[in-house]
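**Student:** Using the sequences and the hints, build the whole thing.
If you read the sequences in order, they're chains A and B.
Heads up: the first sequence at position 85 corresponds to 136 in our numbering, and the numbers run straight through without jumps.
Heads up: the second sequence at position 23 corresponds to 72 in our numbering, and the numbers run straight through without jumps.
Bear in mind the hints are in silico, worked out from the structure with no lab data behind them.
Since we're looking at a predicted model, the values are computed, not measured.
Any given hint could be a false lead.
Just the calculated beta-carbon pair ranges, DEER-fashion [said to hold, decoys possible]:
| # | chain 1 | residue 1 | chain 2 | residue 2 | range |
| --- | --- | --- | --- | --- | --- |
| 1 | A | LYS157 | B | ARG160 | 16 to 24 Å |
| 2 | A | SER162 | B | GLN90 | 14 to 22 Å |
| 3 | A | ALA67 | B | GLN129 | 33 to 41 Å |
| 4 | B | GLN129 | A | SER162 | 34 to 42 Å |
| 5 | B | SER76 | A | GLU66 | 33 to 41 Å |
| 6 | A | TRP134 | B | GLY100 | 28 to 36 Å |
| 7 | A | PRO130 | B | GLY108 | 35 to 43 Å |
| 8 | B | GLN90 | A | LYS109 | 25 to 33 Å |
Derived DSBU-like pairs: lysine-lysine, alpha-carbon spacing no greater than 30 Å straight-line [stated by the list, open to error]:
| # | chain 1 | residue 1 | chain 2 | residue 2 |
| --- | --- | --- | --- | --- |
| 9 | B | LYS60 | A | LYS120 |
| 10 | B | LYS127 | B | LYS64 |
| 11 | A | LYS164 | B | LYS127 |
| 12 | A | LYS157 | B | LYS60 |
| 13 | B | LYS60 | A | LYS160 |
Built from N, CA and C at the ideal position, the CB exists for glycine as well.
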Amino acid sequence: AQSVSQHNHHVILSEAASLELGCNYSYGGTVNLFWYVQYPGQHLQLLLKYFSGDPLVKGIKGFEAEFIKSKFSFNLRKPSVQWSDTAEYFCAVGRGGSQGNLIFGKGTKLSVKP
Amino acid sequence: GAGVSQTPSNKVTEKGKYVELRCDPISGHTALYWYRQSLGQGPEFLIYFQGTGAADDSGLPNDRFFAVRPEGSVSTLKIQRTERGDSAVYLCASSRLAGGPLEQYFGPGTRLTVT
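**Tutor:** Encoded structure:
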């Protein structure tokens with residue numbers, strides 16, 4: 052069965068620090084990859100997505116992620132975090148070419164200290 | 050435009066009761082998904098509709114759970130004989146129909162508490 056692993060439960064950073072959140076998935080076929088973010092008191096919002104093409108994808112608010120097929124990874128990065136990035140981040144995987152369900156990781160809570 | 054809406058936002062019910070949770074997708078979105086999110090976990094897939102029909106209901110945990118989408122728009126998730134373990138946030142998402150994969154837009158969720 053497909054699964055998604057997010058390595059960190061809770062990450063605490065100071066403002067301006069660099070961020071990398073790990074995401075690994077288990078599925079041998081073509082995948083669609085997503086990072087969603089949930090700000091406090093708000094619903095899940097799409098941060099960025101990868102379907103095909105350039106494995107380095109850029110999302111909103113300065114976030115980017117790199118798909119490394121050989122490592123089954125899709126890590127999220129941001130060079131300099133802000134207090135407003137405090138949120139929970141979810142990696143999700145769907146089967147390529149499909150509009151079906153997404154498999155989510157357990158999420159990583161990011162706390163940014165001002 | 051308006052996003053995915055879900056009602057009620059909170060529902061408290063007693064063990065053994067029946068509940069209905071409603072989802073109103075983004076206008077024009079033909080695909081609709083239900084997920085369940087327990088504390089400390091990511092969303093877990095329940096069921097997916099393409100139009101009026103359930104394209105994949107493999108995530109429904111047992112036959113106490115049922116969902117409908119009779120006119121291809123609003124969907125209702127129905128839970129019979131609720132149990133304390135059903136307590137969670139129930140999320141609905143929708144996406145447009147197209148030739149390939151598209152992102153899912155999520156609603157705010159319904160927090161169900163079974164006492």
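**Student:** Hint by hint, note whether the structure agrees.
**Tutor:** Evaluation of the provided hints:
1. LYS157/A with ARG160/B: 16 to 24 Å: holds (19 Å)
2. SER162/A with GLN90/B: 14 to 22 Å: This hint holds: roughly 19 Å between Cβ atoms.
3. ALA67/A with GLN129/B: 33 to 41 Å: Since the Cβ atoms of ALA67/A and GLN129/B sit about 52 Å apart, the hinted range of 33 to 41 Å is violated.
4. GLN129/B with SER162/A: 34 to 42 Å: Cβ of GLN129/B to Cβ of SER162/A: about 40 Å, so the range 34 to 42 Å holds.
5. SER76/B with GLU66/A: 33 to 41 Å: holds (39 Å)
6. TRP134/A with GLY100/B: 28 to 36 Å: violated (43 Å)
7. PRO130/A with GLY108/B: 35 to 43 Å: This hint holds: roughly 37 Å between Cβ atoms.
8. GLN90/B with LYS109/A: 25 to 33 Å: holds (28 Å)
9. LYS60/B with LYS120/A: Violated, at about 42 Å.
10. LYS127/B with LYS64/B: Status holds; Cα separation ~14 Å.
11. LYS164/A with LYS127/B: violated (42 Å)
12. LYS157/A with LYS60/B: holds (24 Å)
13. LYS60/B with LYS160/A: holds (26 Å)
Hint compliance for this structure: hints 3, 6, 9 and 11 are broken, all remaining hints hold.
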